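Chains A and B supply the protein sequences, listed in that same order.
This note's numbering puts the first sequence at residues -19 to 85.
This note's numbering puts the second sequence at residues 272 to 706.
Heads up, a few of these hints could be off.
Stated by the list, open to error - The calculated lysine-lysine pairs, modelled on BS3-like cross-linking and capped at a C-alpha distance of 27 Å, are: (1) A:Lys21 with A:Lys75; (2) B:Lys486 with A:Lys21; (3) A:Lys51 with B:Lys521; (4) B:Lys304 with A:Lys51; (5) B:Lys521 with A:Lys7; (6) A:Lys73 with B:Lys463; (7) B:Lys486 with A:Lys73.
Claimed, not checked - Pulled a few chain A residues facing chain B out of the computed Cβ check, cut under 10 Å: (8) Asn(-11); (9) Val1; (10) Phe4; (11) Glu6; (12) Lys7; (13) Ser17; (14) His32; (15) Ser33; (16) Lys35; (17) Ala37; (18) Gly39; (19) Asn40; (20) Met62; (21) Leu78.
FYI, nobody ran anything at the bench for these hints, they're computed from the structure.
Every value quoted in this text rests on a predicted model; they were computed, and no experiment measured them.
Quick reminder that beta carbons are idealized off the backbone N, C-alpha and C, glycines included.
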Amino acid sequence: MDIGELAGNIGLEEEEFLELVEIFVEKSKSDISNLQSAFDKGDIEQVVEAAHSIKGASGNLGFREIFEIAKGIEMYARQNIMEGAPKAVQFIKEKIDLIGARLVK
Amino acid sequence: MNKKIMVVDNHPLILKFMKDLLVKEGYQVSTAKDGLSALDVLKTYTPDVIFIDLIMPNINGEKLCQIIRSMPRLKDAGIIILSAIAAEQDLDYAALGANACVAKGSLDQMAQHIFSALDQLDQRTSNSMPGTVIGLEGVNSREITKELLSYEKHSDVILNSMSEGILEVTTESRVVYANPAAIALIGMPEEKVIASDVTQLFHETDRQKIRELLKKTETISQIVSDDSTVILSGRQVSMKVLPVTDGDSKAVIVILNDVSERKRIEEQLQLAQKIEAIATLAGGIAHDFNNLLMTIQGNISVMLLDIDPSHPHYERLKNTEKQVQSGAKLTRQLLGYARKSEYEVRPIKLNQLVEETAETFGRTKKEITIHRDLCEDLFAIQADEGQIEQVLLNLFVNAADAMPDGGKLFLKTMKTNHKEMMPMVYDLKPGHYVR
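Throw the hints in and build the complete structure from the sequences for me.
Next up, the structure:
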């Protein structure tokens, strides 16, 4: 993952991009914890909302992988399908932790 | 050019991105994280252009547009819708009162679309603009959002047709949603209700109560019961308050039920019951009073029999008797009034009734001998016992009046049918009768 390239893809300076990524990581962490509590409660509306939020922001920044997975979670949740969703969220969480780790450096 | 721009979006990423982007271009930018905070900022801030996200907590974009468009001060402000949803349906943003619409996508594309939307706004001569959404290419989750919209429409239909008023209130007591029934109950236009302090909608005397109630919902689901109604624009309203948690945001749902009509009917019922009780009481007193008068009447009659009309007290006794009789008439009226509503037609034994009334009557008129010839296997009759009793007594009294010097009274009951009775009574239904 080349930060310079990712930033260039969406026409931003590396520094600007990193600031936005930091916000993204922070907000996504709260979205993820909302997702997890929503699974426990079976609250589909909350699943949809949180996945929608992650989807939008990852799309903005060009994180295609996270975007596609979040989109899938949102779409299936709307059809009342939650199987596999916790696993998908776990995957997103790992990805975001990775991005977060890069920021620290 | 130092235009003032406001951005309303619930994602901090978009707010940060937009602010940096627009400040760099020399705009003055303020941001808000939802519709409610936007309205707070707009109280003192008059931007030239407002970017609004459609899906937000605490007053969504659609409602926010509607409220902004009802504010005269902001009538010249351009509104640009900023949402992923815009791409996925044929959004009629003009109907929302917006001037343009930008679809969300990757940030570089968004940046371009934002500037072209701002250019479009600059060039507008009137409010009418070509109804296209800028930046539709590259956004492709059409189906998802169609479902989201249909989902929202379902709950809209339910909320719109409920007779209960539903309010959504933030933990700071601000109204962020009100269904049509709630708007009607409150009696103010929607744009005034939204973002207002919910306690201010209620009557002064109830405000403290509402505040305490909302405070309680922080820990438990608290319900105000029907018998402690609150006053809402002159109506009596029962209130249920339910806290809801949605992710990390908390809100309170207030359910309002207009019980004015029910309370009014309850009061009427209580009044009617009270009147009925008084009527029964009056009936009872009238009955006792009548008995008392009858005793006086009896004694006077006996005295009058014993004394000669030339006796100095004769006239006085006669007068007293007359007075007693009009007193008895009054009590009869009162009795009839009290009983008016309680006629009860049911099967009764006529013979028993005849025996009883004859017995009572015989005690007051000793000079009359009563002879009974009652049919042993008489049919039961359908009638109101009190009425028949009255009829019998009247018959006896008439007979006695016709025999001032005493005599014989014959009481006879017998079975008959409609044919035998035909010459006397018309329009009889065929069947068994008693005479």
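| Taking the least C-beta to C-beta distance, is A:Gly39 closer than 10 Å to chain B? | This interface hint holds because 7 Å falls under the 10 Å limit.
| message | Is the interface hint satisfied for A:Asn(-11)? The criterion is a beta-carbon contact with chain B at less than 10 Å. | response | Constraint on A:Asn(-11) satisfied, holds at 7 Å.
| message | A closest beta-carbon separation below 10 Å is what the hint needs, so does A:Ser33 meet it against chain B? | response | At about 6 Å, which falls below the 10 Å cut-off, the nearest Cβ of chain B leaves the hint on A:Ser33 intact, so it holds.
| How about A:Asn40: closest beta carbon in chain B under 10 Å, or not? | Where the cut-off is 10 Å and the nearest Cβ of chain B is about 5 Å from A:Asn40, the hint holds.
| said: Hint check: B:Lys486 vs A:Lys73, CA-CA at most 27 Å. Holds or violated? | reply: violated (36 Å)
| task | Let me know if the C-beta of A:Leu78 comes in closer than 10 Å to any C-beta of chain B, holds or violated. | result | violated (18 Å)
| If you take the shortest Cβ to Cβ gap from A:Phe4 to chain B, is it below 10 Å? | At 5 Å from the nearest chain B Cβ, A:Phe4 passes the 10 Å test, so the hint holds.
| request: Classify the hint on A:Met62 as holds or violated, based on whether any CB of chain B lies nearer than 10 Å to its CB. | output: Result: violated, 16 Å to nearest chain B Cβ.
| field | Hint status (Cβ of A:Glu6 to nearest Cβ of chain B, threshold 10 Å) | value | Nearest chain B Cβ about 8 Å off; hint holds.
| said: Just to be careful, I want the Cα atoms of B:Lys304 and A:Lys51 compared with a cutoff of 27 Å; is the pair within it? | reply: Since the Cα atoms of B:Lys304 and A:Lys51 sit roughly 23 Å apart, the hinted pair holds (cutoff 27 Å).
| task | May I ask you to test the interface hint for A:Val1 with respect to chain B, counting a Cβ-Cβ separation under 10 Å as satisfied? | result | For A:Val1, the interface hint holds, since the closest Cβ of chain B sits about 9 Å away, which is under 10 Å.
| message | Would the hint linking A:Lys21 and A:Lys75 be met if the CA-CA limit is 27 Å? | response | This hinted pair holds, its Cα atoms lying about 25 Å apart.
Comparing the model with each numbered hint stated earlier shows that hints 6, 7, 20, 21 do not hold.
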